[in-house]
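Q: Spelled out, the chains give:
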Amino acid sequence: MSASSPAPLGPFQDNLPHRHRVGAVWQWIFFSATVIGIFVLSALLLNIIDGAFGYVALEARVDPDTLAVNGVPLEELPKEELIRILQERLSASAFNKLNDEKPFEERSQANVYDLVIERVVKYQVLETWSLWESLTRSAEIRARVAEEFPQAELRFVSWLTVETIRRPQSSEAVNAGVRTAILGSLWTIMITIVVAFPLGVGAAIYLEEYARDDWLNRLIRTNINNLAGVPSIIYGILGLAIFVRALERLTSGAMFGLVDPTTANGRTVLSAGLTLALLILPLIIINAQEAIRAVPQSLRKASLGIGATKWQTIWAHVLPNALPGILTGTILAVSRAIGETAPLVVVGASTAISFDPNLFSRFTTLPIQIYQWTSRPQGEWRHLAAAAILILLTLLLSLNATAIVLRNRFTKRF
Amino acid sequence: MIGKQRNGVDASGYPLRKEGLRKRPRVNEVIIQSVLFFAGFFSIFTTLGIVYELGKEALLFFRTPEVNLWNFLTGTSWQPHINQFGILPLVTSTFITSAIAMTIAIPLGLAAAVYLSEYATEKVRKTLKPILEVLAGIPTIVYGYFALMFVTPLLRSIFGRDVVEIYNMASGGLVMGVLILPLVASMSEDALNAVPRALREAAYGLGATKLEVALKVVFPAALSGIAAAIIVGISRAVGETMIVAVAVGAGPNFTFNPFRGAETMTGHIVRMSGGDLSYDSIDYNSIFAIGLVLFFITLTLNIISQRIVRRFREVYE
Chain W
1 MSASSPAPLG PFQDNLPHRH RVGAVWQWIF FSATVIGIFV LSALLLNIID
51 GAFGYVALEA RVDPDTLAVN GVPLEELPKE ELIRILQERL SASAFNKLND
101 EKPFEERSQA NVYDLVIERV VKYQVLETWS LWESLTRSAE IRARVAEEFP
151 QAELRFVSWL TVETIRRPQS SEAVNAGVRT AILGSLWTIM ITIVVAFPLG
201 VGAAIYLEEY ARDDWLNRLI RTNINNLAGV PSIIYGILGL AIFVRALERL
251 TSGAMFGLVD PTTANGRTVL SAGLTLALLI LPLIIINAQE AIRAVPQSLR
301 KASLGIGATK WQTIWAHVLP NALPGILTGT ILAVSRAIGE TAPLVVVGAS
351 TAISFDPNLF SRFTTLPIQI YQWTSRPQGE WRHLAAAAIL ILLTLLLSLN
401 ATAIVLRNRF TKRF
Chain R
1001 MIGKQRNGVD ASGYPLRKEG LRKRPRVNEV IIQSVLFFAG FFSIFTTLGI
1051 VYELGKEALL FFRTPEVNLW NFLTGTSWQP HINQFGILPL VTSTFITSAI
1101 AMTIAIPLGL AAAVYLSEYA TEKVRKTLKP ILEVLAGIPT IVYGYFALMF
1151 VTPLLRSIFG RDVVEIYNMA SGGLVMGVLI LPLVASMSED ALNAVPRALR
1201 EAAYGLGATK LEVALKVVFP AALSGIAAAI IVGISRAVGE TMIVAVAVGA
1251 GPNFTFNPFR GAETMTGHIV RMSGGDLSYD SIDYNSIFAI GLVLFFITLT
1301 LNIISQRIVR RFREVYE
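Keeping their order, the protein sequence lines are chains W and R. Heads up, the first sequence is in my numbering, so the first residue is 1 and it goes up one at a time. Heads up, the second sequence is in my numbering, so the first residue is 1001 and it goes up one at a time.
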């Protein structure tokens, strides 16, 4: 290249084309690294969607068609007929137990129908396929099912349905849902917010508005930064030692006479919520500090100048202006807490809960449920896990969207 | 109001005090400040709680006759049911998965950061960065599902089912890399962005190409921030739990083969506490001992990262 240049221009121009070529190659490398990140994100989402739908080979212990009365299909039978079927097919004790849980007179037709499906028809999952397999190898799957499981019924199911959200945990994947897990998550998060939000914002106000630059406050600042980097599982161990064990009387509800002290167990919703509160506290503080710092000094000076006290200034001027930032930071911290699994496993989440949780009951949450279903070897639970992941991601996405809207809508520029 | 001023009362109707302009004690203000101080100080309790509880139970663990500190630190077998407590298998698998994760996260994360900060147009940057942030906000259990259901089958089809076990460190490590990538990218991008424009313009003025500006001027100037990002990434990898619990965990295993299953420190804690762990058993105490080791590793990494930022930050004003 240098030979054809009009004039010798020194060493820089000599290798200029080469330098530009190297630049182009590297630019391409940098770009593809970013694309790979996005590609993996799509692979992850597709993988989950792939798991949440697909063919299922089901075998019923009692064919629902044989339960039809006078040509009326099972799902359209009146409640009385369904109760009669239950009475006939179940043992007297099992039937009475159901009646004890909730009297049949109070149950709806849909609820009794669910019971018939769960207790009498008893679908068994023989094999499952993912969405991709179901779409591309449909004929092959049909042939195999017809050959290997002649009794079975092949159904294309969406593991994610309204029913999945509505139904409690069950021992059969086809009947199981995430109702208890969602309620557990909501209860836990509520406690987390109630504890962590005031404490976190208070700490941020102290550090930004009151704290002088002395050793104690420097220690507090460093400490908060370090806490933000502590692995979440350590918080789980802390929660196990303090909330579950040391404060058992409080967290089990025994202190309020709600449970028998001899059987009291601290592995409750309250313990879980408090543990997560400790976990997200540093995040809330750091985010709130930034929001408070962004409020211009002139505002404070103006307020102090007309005779407001320090707290009046903070309450009436600093906080209202910092609020969008504080809320955004809190929502992000809370969405972290909603997705946390490890500390709750350590605190002692329960495996199977079929009742609606309350403050002092054993608990399970959405991520815990996903973890347990993913860990089971049978394929059908993993499909259910995929459906639960979709619910969790939708929840988190809407929270994050709220945070972004808040930020864009209420952020003032000074 | 000014016209109505009377003796002993100020302009707004408040009685004038003898002290004149001296600051009046305000009880409310003092109470509020103390409450806020308590909120600020609360985080110290958390740290003390962590250190105290981990230390106390770990001490009980080391006091039991079956355990001694030397074997704990150098033993290559962790089998609680036959009283073998050597932490090395848990530590090696933790480091292998973290190393795999960082070989993914460092190059890709840094490349993405350079692209976003130096090459991408404002419009592209504004679209891509939130996507990376979404990637960082996905719960780790979802990554665990992805590792087990997608990456493991992929590895097994590439390297053969005999070579790659169902639970293996490679799959967990790779996915952990993907998890940490946005963290490294985002922190490094912030560091690169903080380098003042004048430095870039000066380099362009000397005839440097875009790549030379990025790699020889901007990158070194942001090195402290980038190093901090990498160390925070490592600390995150060491403490990461759910991915390894789902995709790697198969009991403690002293091996350096990434295609075999093993159990990391975090994975072991999760499995042990998954059942109803009875208090004061050696199993219960052992998770605190492991937790203590984990806590010190991550704490050291975090402190190093903060030191690097503080000490080597180049200040341009």
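Among the hints, erroneous ones may be present.
[Stated by the list, open to error] From the derived model, a few chain R residues whose C-beta atoms are all more than 12 Å from chain W:
id, residue
1, 1041
2, 1063
3, 1068
4, 1070
5, 1082
6, 1122
7, 1144
8, 1161
[What the hints assert, rightly or not] Calculated pairs, DMTMM-like style, for lysine to aspartate or glutamate (alpha carbon to alpha carbon, straight line, at most 20 Å):
id, chain 1, residue 1, chain 2, residue 2
9, R, 1056, W, 14
10, W, 310, R, 1029
11, R, 1210, W, 248
12, W, 301, R, 1029
Note that these hints are calculated values from the structure, not bench results. All residues carry an ideal CB built from backbone N, CA and C; glycine is no exception.
Q: Evaluate each hint against the coordinates.
A: Results for each hint:
1. 1041: violated, 6 Å
2. 1063: holds, 17 Å
3. 1068: Given that every Cβ of chain W is farther than 12 Å from that of residue 1068/R, nearest at about 23 Å, it holds.
4. 1070: holds, 24 Å
5. 1082: holds, 24 Å
6. 1122: holds, 15 Å
7. 1144: violated, 7 Å
8. 1161: Residue 1161/R is indeed farther than 12 Å from all Cβ atoms of chain W, at 16 Å.
9. 1056/R with 14/W: Since the Cα atoms of residue 1056/R and residue 14/W sit roughly 69 Å apart, the hinted pair is violated (cutoff 20 Å).
10. 310/W with 1029/R: Roughly 8 Å separates the two Cα atoms, so the pair holds.
11. 1210/R with 248/W: violated, 62 Å
12. 301/W with 1029/R: Distance of about 18 Å is within 20 Å: holds.
Checked against the numbered hints listed earlier, the structure breaks hints 1, 7, 9 and 11; every other hint is satisfied.
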